[in-house]
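Fit chain E to the known structure of chain G by using the hints.
Each protein sequence line maps, in turn, to chains G and E. Just so you know, we're using the numbering used here here: the first sequence kicks off at 1 and counts up by one. Just so you know, we're using the numbering used here here: the second sequence kicks off at 1 and counts up by one.
What the hints contain is simulated information worked out from the structure, not anything from laboratory work. Some hints here could point you the wrong way.
Note that identical chains are pooled: a pair holds if it fits in a single copy or bridges any two copies.
What the hints assert, rightly or not - Lysine to aspartate or glutamate pairs mimicking EDC-like chemistry, simulated, CA-CA at most 20 angstroms apart:
id, residue 1, residue 2
1, Lys38, Glu56
2, Lys38, Glu122
3, Lys94, Glu77
4, Lys120, Asp159
5, Lys116, Asp159
2 protein chains.
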Amino acid sequence: MPQTGNEASVLTPQALLEHWQGHRRVTRRMIEAFPEDKLFSFSVGSMRPFSKMVQEFLMMAEPLARGVATGEWVAIEERDLPNTKAGLLALWDKTTTALNSILGAMPIDRYSRVDKAFGKWEGRGIDQILYAIDNEIHHRGQGYVYLRALGIEPPAFYDRS
Amino acid sequence: MPQTGNEASVLTPQALLEHWQGHRRVTRRMIEAFPEDKLFSFSVGSMRPFSKMVQEFLMMAEPLARGVATGEWVAIEERDLPNTKAGLLALWDKTTTALNSILGAMPIDRYSRVDKAFGKWEGRGIDQILYAIDNEIHHRGQGYVYLRALGIEPPAFYDRS
Numbered sequence: 001m002p003q004t005g006n007e008a009s010v011l012t013p014q015a016l017l018e019h020w021q022g023h024r025r026v027t028r029r030m031i032e033a034f035p036e037d038k039l040f041s042f043s044v045g046s047m048r049p050f051s052k053m054v055q056e057f058l059m060m061a062e063p064l065a066r067g068v069a070t071g072e073w074v075a076i077e078e079r080d081l082p083n084t085k086a087g088l089l090a091l092w093d094k095t096t097t098a099l100n101s102i103l104g105a106m107p108i109d110r111y112s113r114v115d116k117a118f119g120k121w122e123g124r125g126i127d128q129i130l131y132a133i134d135n136e137i138h139h140r141g142q143g144y145v146y147l148r149a150l151g152i153e154p155p156a157f158y159d160r161s
Numbered sequence: 001m002p003q004t005g006n007e008a009s010v011l012t013p014q015a016l017l018e019h020w021q022g023h024r025r026v027t028r029r030m031i032e033a034f035p036e037d038k039l040f041s042f043s044v045g046s047m048r049p050f051s052k053m054v055q056e057f058l059m060m061a062e063p064l065a066r067g068v069a070t071g072e073w074v075a076i077e078e079r080d081l082p083n084t085k086a087g088l089l090a091l092w093d094k095t096t097t098a099l100n101s102i103l104g105a106m107p108i109d110r111y112s113r114v115d116k117a118f119g120k121w122e123g124r125g126i127d128q129i130l131y132a133i134d135n136e137i138h139h140r141g142q143g144y145v146y147l148r149a150l151g152i153e154p155p156a157f158y159d160r161s
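If we strip away everything but chain G, and leave its shape as in the complex, we get:
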């Protein structure tokens, strides 16, 4: 008999990780699609260039996953982040491996445990992770407008392969 109500699962840890990594593959293709100079300089409406958004994704992903997994919140300093396209892509790939390792081994109780991310944002582990994913989708969508404004066809949003 099917269950209803809020005790039951709609998403497993492995499915959530794969969902994030699928989005991260799209974001990686976005970084690749930008000409190097435009990645670091182009914007619309006095917003940040896409490189700054990518740096934010990187500052959020591995440190956040590690914080949810361990309760230790260690931020990456912005000055320590790469400022070349190749450097961003290399750190992107390192983060991919780190997320698989951290979240792949994380005990399930960490998803429901409430903690204060980086000493600032209180929420359950699942909420912290969903926030990182949603923030990436949100700003990446802005990057799509930048590419369109540059006359460059962006990668397909629906292709997560």
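Relative to the frame of chain G, chain E by itself:
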């Protein structure tokens, strides 16, 4: 003892519904933030105006939830959608109630059941719902650029109240 592995839950049906409705509250504030004429006319990089994106969210939300819940995929025709700001907001609120009703009562097995959405896109119920949420975040992020380009401060992304 904490569980690990992919049998366990990180998100309940009720939490997923609330997550979507939180995002939908942000999107509703975005619709409100656009001046009526800009909502239907303004864009960047030859993209669609934000009204067309909102119409897409509406074409996707209730019909998709109903399809996942019942296996019956009945599309809304684009010509039947409102083409005023007040009309879009009214349908937005009607959809909010409908989603609470449909997803609030949906048996849990529907999330893992594979179906072909609108006869076209195959996936599990949970994947169909996540796609609708992610698509809304993605295009709404584009709407943020439109508002910034218009010199209008958009609603806070992180405020889901």
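Outcome of the hint check:
For the homomeric pair Lys38 and Glu56, the shortest alpha-carbon distance inside one copy (17 angstroms) is at most 20 angstroms, but the shortest distance between copies (30 angstroms) is not. Taking CA atoms no more than 20 angstroms apart as the test, Lys38 paired with Glu122 passes in neither setting, with 36 angstroms inside one copy and 37 angstroms between copies. Taking identical chains as interchangeable, the C-alpha atoms of Lys94 and Glu77 lie at most 20 angstroms apart only when both belong to the same chain, with a minimum of 17 angstroms there against 45 angstroms between chains. For a Cα distance limit of 20 angstroms, the shortest separation of Lys120 from Asp159 across copies, 15 angstroms, qualifies, whereas the shortest one inside one copy, 34 angstroms, does not.
For a Cα distance limit of 20 angstroms, the shortest separation of Lys116 from Asp159 across copies, 17 angstroms, qualifies, whereas the shortest one inside one copy, 34 angstroms, does not.
Checked against the numbered hints above, the structure breaks only hint 2 and satisfies the rest.
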